[in-house]
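Enquirer: Generate coordinates for the entire structure from the input sequences, incorporating the hints supplied.
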Amino acid sequence: MTNKKPFEGIRIADFTWHLTGPFTTKHFSDLGAEVIIVESRRRPGWRRGAPRTGSNDQNCTSKLSVTLNTRDPRGLDLVKKLVAKSDIVVENFAGGAMKRMGLGYDVLKEIKPDIIMLSTSMQGQTGPYSSHPGSGHKLTALAGFSNILGWPDRKPAWIAAYTDFIAPRYAILALLAALEYRRRTGKGQYLDLSQYENGIQFMSPLVLDYVANKRVATRMGNNSAYAAPHNAYRCQGEDRWCAISVFNDEEWRSFCKVIGKPAMAANPKFGTLLARKENEEELDRLINEWTGKRSAEEVMNLMQAAGVAAGVVETGEDLMEKDPQLKHRGTFTELEYPGDVGKYRTQAGPHFLMSKYKYELKVAPLMGEHNEYVFKGLLGMPDEEFARLVKDGVID
Amino acid sequence: MTMQREGMLSPYRVLDLTDEKGLLCGKLLGDLGADVIKIERPGGDPARSIGPFYHDEPHPEKSLFWFALNTSKRGITLNIEAADGQEIFKNLIRNADFVIESFPPGYLDKLGLGYSALEKINPGIILVSITPFGQTGPYKDWKTSDIVAWGMGGDMAPWGEPDRPPVHFSHHSQAYLHAGADGALGALTALCHRHITGEGQQIDVSIQEAVVHCLEHITSNWDFRQAFAKRGEARNPTVGHQTILIWPCKDGWVSWSHGGNSVLAPSLPLIKWMQAEGMSNAFLDEFDWNRPDFARIPQDEMDKIDEPTAKFFMTKTKAELLEGAVKYGVMMYPVATTDDMLENRQLKARNFWKELAHPELGVSLTYPGAFAFSSEIPISITRRAPLIGEHNQEIYEELGISRDKLLILKQAGVI
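Residue numbers (my numbering), protein chains in the order written: chain A, 1 to 396; chain B, 1 to 415.
Read the hints as simulated data drawn from the structure, not as lab findings.
Keep in mind that the hints are not guaranteed to be accurate.
Below, in silico cross-link-like pairs of lysine-lysine (DSS-like), each with a Cα-Cα straight-line distance of 30 angstroms or less [what the hints assert, rightly or not]:
hint : chain 1 : residue 1 : chain 2 : residue 2
1    : A       : Lys214    : B       : Lys316
2    : B       : Lys120    : A       : Lys4
3    : A       : Lys356    : B       : Lys272
4    : B       : Lys250    : A       : Lys155
5    : B       : Lys316    : A       : Lys155
6    : A       : Lys99     : B       : Lys143
7    : A       : Lys358    : A       : Lys5
8    : A       : Lys277    : B       : Lys143
9    : A       : Lys5      : B       : Lys120
10   : A       : Lys99     : B       : Lys250
11   : B       : Lys140    : A       : Lys362
12   : B       : Lys230    : A       : Lys269
13   : B       : Lys62     : B       : Lys140
14   : A       : Lys376    : A       : Lys85
15   : B       : Lys140    : A       : Lys5
16   : B       : Lys348    : A       : Lys155
17   : B       : Lys410    : A       : Lys155
18   : A       : Lys99     : B       : Lys327
19   : A       : Lys99     : A       : Lys4
20   : A       : Lys214    : B       : Lys410
21   : B       : Lys405    : A       : Lys293
22   : A       : Lys343    : B       : Lys120
23   : B       : Lys304    : B       : Lys327
24   : B       : Lys140    : A       : Lys327
25   : A       : Lys356    : B       : Lys140
26   : B       : Lys110    : B       : Lys410
27   : A       : Lys187    : B       : Lys354
28   : A       : Lys261    : B       : Lys272
29   : B       : Lys348    : A       : Lys99
30   : A       : Lys261    : B       : Lys143
Expert: Set out below in structure tokens:
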């Protein structure tokens with residue numbers, strides 16, 4: 001173990017707004033980078049507008065916050081001074097917005113030649129749809145996911161802003177690679193990411209199925225092409241479910257023993273995968289009868305003990321209060337935010353554990369909490385000027 | 001050695017031992033320019049039996065699933081359970097930066113190839129381990145599958161219909177893709193750390209936890225309000241009415257929700273479009289979209305908004321709805337199918353798609369292209385997925401193994 005942080009010495013100017021952007025910079029802040037959120041009290045944005053939604057408290061851990069009116073030329077000038085001292089700039093406005101603010105890559109590059117700037121928007125910075133404002137809630141439909149979620153005899157199901165959890169992974173990856181490239185060559189770069197194009201990466205086998213076979217992928221409920229049983233089964237209690245999947249004959253025999261029907265393993269209706277697929281509805285009915293008399297946890301434990309993949313369909317309560325594996329890994333950290341938010345829990349920015357570094361999360365910042373540290377300390381602004389800019393509402 | 005295109009990660013070598021649970025990790029590092037060597041068991045990786053298949057012919061060299069997740073990798077076959085195979089693997093470790101694996105926890109240790117053994121050979125080595133639940137903890141030896149990971153990761157309970165079980169995405173595993181991507185983030189984070197400390201380390205990715213990192217609303221809803229959403233259209237107990245999230249249109253579906261003046265779903269741009277086409281009505285024209293209580297308006301009022309909206313959508317195709325959404329600035333998108341994507345104007349304008357030749361099949365296939373556009377250096381697929389053992393000779397000769405020895409190893413089933 002070392003106390004040297006992976007991103008020690010890296011500074012990020014953070015213009016991000018909601019979900020994808022803040023998730024991206026959280027990876028770096030929770031691992032030791034100095035991430036400075038640039039926001040404004042005049043336009044506090046979605047993240048600040050709704051306390052206790054998680055958007056700020058959870059996604060901005062370990063970051064600093066400054067407040068600036070960038071419409072005032074003096075505010076814009078301060079942004080540029082901050083960029084001059086930064087390694088990375090990240091933004092997720094609608095396409096083209098940074099350019100209109102006078103903060104495009106060509107401008108930032110003049111200020112800091114090796115700056116790495118990353119834009120992540122719905123559809124990218126170029127092309128006919130580039131400036132279209134949107135959100136991941138709807139982009140999930142455009143990127144093809146809604147059409148493969150749900151039941152074949154019903155309409156596509158809803159899964160909120162799914163692509164907002166794909167896009168940050170690609171944004172973080174691009175930044176990590178760009179840092180590596182800068183270390184080697186001394187060069188910065190501009191990175192243009194489209195959440196739409198990021199989403200399609202996770203559709204790629206189905207894209208190829210259309211390209212090669214002209215087959216348009218659609219929804220199959222919980223069915224798998226090559227496993228049965230394969231579903232979520234109703235258990236004791238209100239709306240409790242356990243997912244079970246059986247992929248081969250060995251798992252099938254174990255499964256039959258667990259449900260107390262070892263003879264069923266050789267029943268011609270269910271003895272082979274093809275037979276089970278043929279009689280899947282009847283099989284699911286039989287399983288539901290058995291699971292319905294047991295708790296989801298009991299079903300999971302019995303199946304896993306016999307080598308069959310099974311798991312409780314977990315709710316927020318299961319994840320945060322009950323799951324012993326997530327507890328063991330410390331998946332959630334409790335922090336305390338001043339005022340009406342109070343104690344809250346959040347996931348870490350990094351999506352993995354490191355054998356030689358243990359990260360610690362710090363609470364998300366109050367608005368403008370680090371104005372003095374950044375403007376006086378980092379940028380060396382004299383006290384009188386700081387006071388004047390506060391009075392004039394430039395530092396708002 | 002074939003010429004590698006210069007990429008952001010050109011100097012680095014990756015040994016990829018993963019199965020379907022971790023294949024994306026190596027692909028991402030390869031697309032960024034790293035020299036990725038996919039190590040398969042003799043005969044080929046079991047993931048080659050996962051469909052869909054080219055022309056629906058189930059064959060280990062025709063899996064489209066395999067094609068999609070193994071671009072930008074060279075491929076060798078090696079039996080790391082055989083003593084000779086282990087020696088060769090250790091030789092490869094000397095010049096490698098990353099090893100990616102998705103074996104059950106403890107498997108590599110038993111072979112004498114765990115992190116502590118690899119570290120002795122190459123102190124800078126970074127081992128990325130992708131497993132169902134992580135390297136330690138009460139569930140570490142449990143099995144997973146996509147539906148189990150999705151359920152236990154918490155991204156299933158609220159989705160689907162109230163009268164049916166919760167659902168997960170159909171087809172290939174989304175959970176494994178998230179875990180694979182997280183492995184790549186871990187690999188490069190550890191590389192950053194290595195530049196500071198001079199040492200490698202082990203990155204421990206849990207597939208369950210990768211799914212937990214697809215949630216925000218679900219955990220914050222519980223943490224702040226001890227609440228969870230029920231399946232079905234009324235998403236939230238604070239919403240006073242039922243409304244529609246996925247609407248039928250002329251040739252499919254469209255994702256839209258009325259939100260009054262909400263930042264994430266402002267209604268007015270859509271109403272303006274309906275007015276322009278003469279499909280609004282007096283109620284909609286006079287409705288106060290700035291009402292602060294929009295989320296709690298009574299059902300009969302919501303119905304009066306939804307009915308003409310539904311009628312409007314039924315006069316439009318998905319393509320028309322997309323063009324109109326852009327023109328009028330409506331935060332709405334159609335439910336696209338894979339054939340729609342290939343025709344999308346924006347993706348074509350950005351040269352997103354990448355044609356990749358498969359000479360063995362005599363065709364070129366269209367792949368999703370770069371995940372990011374760089375002003376400096378391209379990120380893109382460098383080669384199609386390897387055939388079984390395609391680069392055995394090239395790579396084993398680099399290691400100085402003679403052709404005679406290769407012949408022996410092949411007959412012994414080591415390669």
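Enquirer: Does each hint hold? Answer for all of them.
Expert: Now for the hints, and whether the structure bears them out:
{"no.": "1", "hint": "A:Lys214 with B:Lys316", "verdict": "25 angstroms, holds"}
{"no.": "2", "hint": "B:Lys120 with A:Lys4", "verdict": "22 angstroms, holds"}
{"no.": "3", "hint": "A:Lys356 with B:Lys272", "verdict": "57 angstroms, violated"}
{"no.": "4", "hint": "B:Lys250 with A:Lys155", "verdict": "14 angstroms, holds"}
{"no.": "5", "hint": "B:Lys316 with A:Lys155", "verdict": "17 angstroms, holds"}
{"no.": "6", "hint": "A:Lys99 with B:Lys143", "verdict": "49 angstroms, violated"}
{"no.": "7", "hint": "A:Lys358 with A:Lys5", "verdict": "9 angstroms, holds"}
{"no.": "8", "hint": "A:Lys277 with B:Lys143", "verdict": "22 angstroms, holds"}
{"no.": "9", "hint": "A:Lys5 with B:Lys120", "verdict": "23 angstroms, holds"}
{"no.": "10", "hint": "A:Lys99 with B:Lys250", "verdict": "38 angstroms, violated"}
{"no.": "11", "hint": "B:Lys140 with A:Lys362", "verdict": "29 angstroms, holds"}
{"no.": "12", "hint": "B:Lys230 with A:Lys269", "verdict": "35 angstroms, violated"}
{"no.": "13", "hint": "B:Lys62 with B:Lys140", "verdict": "33 angstroms, violated"}
{"no.": "14", "hint": "A:Lys376 with A:Lys85", "verdict": "14 angstroms, holds"}
{"no.": "15", "hint": "B:Lys140 with A:Lys5", "verdict": "27 angstroms, holds"}
{"no.": "16", "hint": "B:Lys348 with A:Lys155", "verdict": "29 angstroms, holds"}
{"no.": "17", "hint": "B:Lys410 with A:Lys155", "verdict": "53 angstroms, violated"}
{"no.": "18", "hint": "A:Lys99 with B:Lys327", "verdict": "21 angstroms, holds"}
{"no.": "19", "hint": "A:Lys99 with A:Lys4", "verdict": "36 angstroms, violated"}
{"no.": "20", "hint": "A:Lys214 with B:Lys410", "verdict": "39 angstroms, violated"}
{"no.": "21", "hint": "B:Lys405 with A:Lys293", "verdict": "61 angstroms, violated"}
{"no.": "22", "hint": "A:Lys343 with B:Lys120", "verdict": "44 angstroms, violated"}
{"no.": "23", "hint": "B:Lys304 with B:Lys327", "verdict": "25 angstroms, holds"}
{"no.": "24", "hint": "B:Lys140 with A:Lys327", "verdict": "13 angstroms, holds"}
{"no.": "25", "hint": "A:Lys356 with B:Lys140", "verdict": "20 angstroms, holds"}
{"no.": "26", "hint": "B:Lys110 with B:Lys410", "verdict": "24 angstroms, holds"}
{"no.": "27", "hint": "A:Lys187 with B:Lys354", "verdict": "27 angstroms, holds"}
{"no.": "28", "hint": "A:Lys261 with B:Lys272", "verdict": "63 angstroms, violated"}
{"no.": "29", "hint": "B:Lys348 with A:Lys99", "verdict": "23 angstroms, holds"}
{"no.": "30", "hint": "A:Lys261 with B:Lys143", "verdict": "22 angstroms, holds"}
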